[in-house]
Amino acid sequence: LGELTASHVTPDSVQLEWSVPEGTFDSFVVQYKDAQGQPQVLPVDGDSRTVTVPGLSPSRRYKFNLYGMWGRKRVGPISTDAVTGEGCCMLCPLHILILEKSGRRQYKEPPSEPRLGDLTASHVTPDSVQLEWSIPEGTFDSFTVQYKDAQGQPQVLPVDGDSRTVTVPGLSPSQRYKFNLYGMWGRKRLGPVSTAAVTDVWTDRQTDWGIFMPCINLAAALETKKEPASKPQLGELTVSHVTPDSVQLEWSIPEGTFDSFVVQYKDAQGQPQALPVDGDSRTVTVP
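Using full-length UniProt numbering, read the sequence shown as starting at 1 and increasing by one per residue.
Do not rely on the hints blindly, as some may be mistaken.
Stated by the list, open to error - Have a look at the derived ranges for each label pair, beta carbon to beta carbon: (1) Glu132 with Thr238: 34 to 42 Å; (2) Ala274 with Arg164: 22 to 30 Å; (3) Val156 with Arg72: 38 to 46 Å.
It is worth saying that the hints were derived from the structure and are not from the lab. Where a beta carbon is used, it is the ideal one built from N, C-alpha and C, also for glycine.
Build the full structure now, drawing on both the sequences and the hints.
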């Protein structure tokens with residue numbers, strides 16, 4: 001990663017540009033805190049070298065961190081600060097479109113603002129909650145789900161604008177969570193709509209699926225079916241390769257198959273992390 005600069009600033013947005021002096025990245029992530037101090041995450045594809053951060057507040061100082069994703073490794077961050085411009089006149093929210101026709105200016109208002117409907121928790125497990133919502137009117141460019149984890153740390157889950165459902169993973173059992181859903185419409189953030197849910201309690205049948213190692217848990221997801229033929233089993237979890245900033249894990253499945261796996265651990269700051277792994281894998285590197 002090279003340098004990160006704020007190339008264009010308005011009252012409600014900042015355009016960021018960066019360089020990559022060597023190599024290529026699979027994707028990028030911009031992280032910052034909004035005017036309420038809540039962490040925000042903006043994913044960017046690996047071919048981009050610029051992105052506009054929308055929905056900011058006027059006359060406010062923001063710090064932006066850019067990370068590069070290379071395989072399973074996160075590189076960076078590089079950082080820059082910017083102060084948004086002052087608020088402008090009352091006509092600005094109308095997004096006035098000026099057309100020159102016959103020497104006269106014509107003003108046209110944009111389409112009506114979309115609306116968020118109800119947010120509900122449609123499916124709850126000990127470590128996840130599936131959310132569903134409706135859009136009674138209009139369309140959104142994207143959505144953001146915000147909540148606090150079991151340690152009270154804010155979490156942000158971005159969702160594309162065509163979705164009406166998302167599963168929030170990596171939760172703790174028997175815990176009450178409040179979820180806020182925001183809709184992004186151009187540079188404007190609408191909402192939130194909210195709902196609360198309490199995760200289920202782990203049962204003996206569920207807990208014996210996991211193998212625990214210090215600081216690392218490997219959990220396997222198995223779809224619930226009526227009268228399954230036989231329950232698959234997790235074998236041993238081992239650390240096969242260690243570097244200063246990564247650990248490679250390997251495990252065995254003595255019997256049956258799993259739909260997917262999740263590796264859970266705590267980072268150097270004590271924050272819980274979750275790494276999803278597909279069901280055919282038997283090894284993963286924790287970056």
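The hints, checked one at a time:
no.	hint	in the structure
1	Glu132 with Thr238: 34 to 42 Å	39 Å, holds
2	Ala274 with Arg164: 22 to 30 Å	23 Å, holds
3	Val156 with Arg72: 38 to 46 Å	20 Å, violated
Of the numbered hints listed earlier, the single one contradicted by the structure is hint 3.
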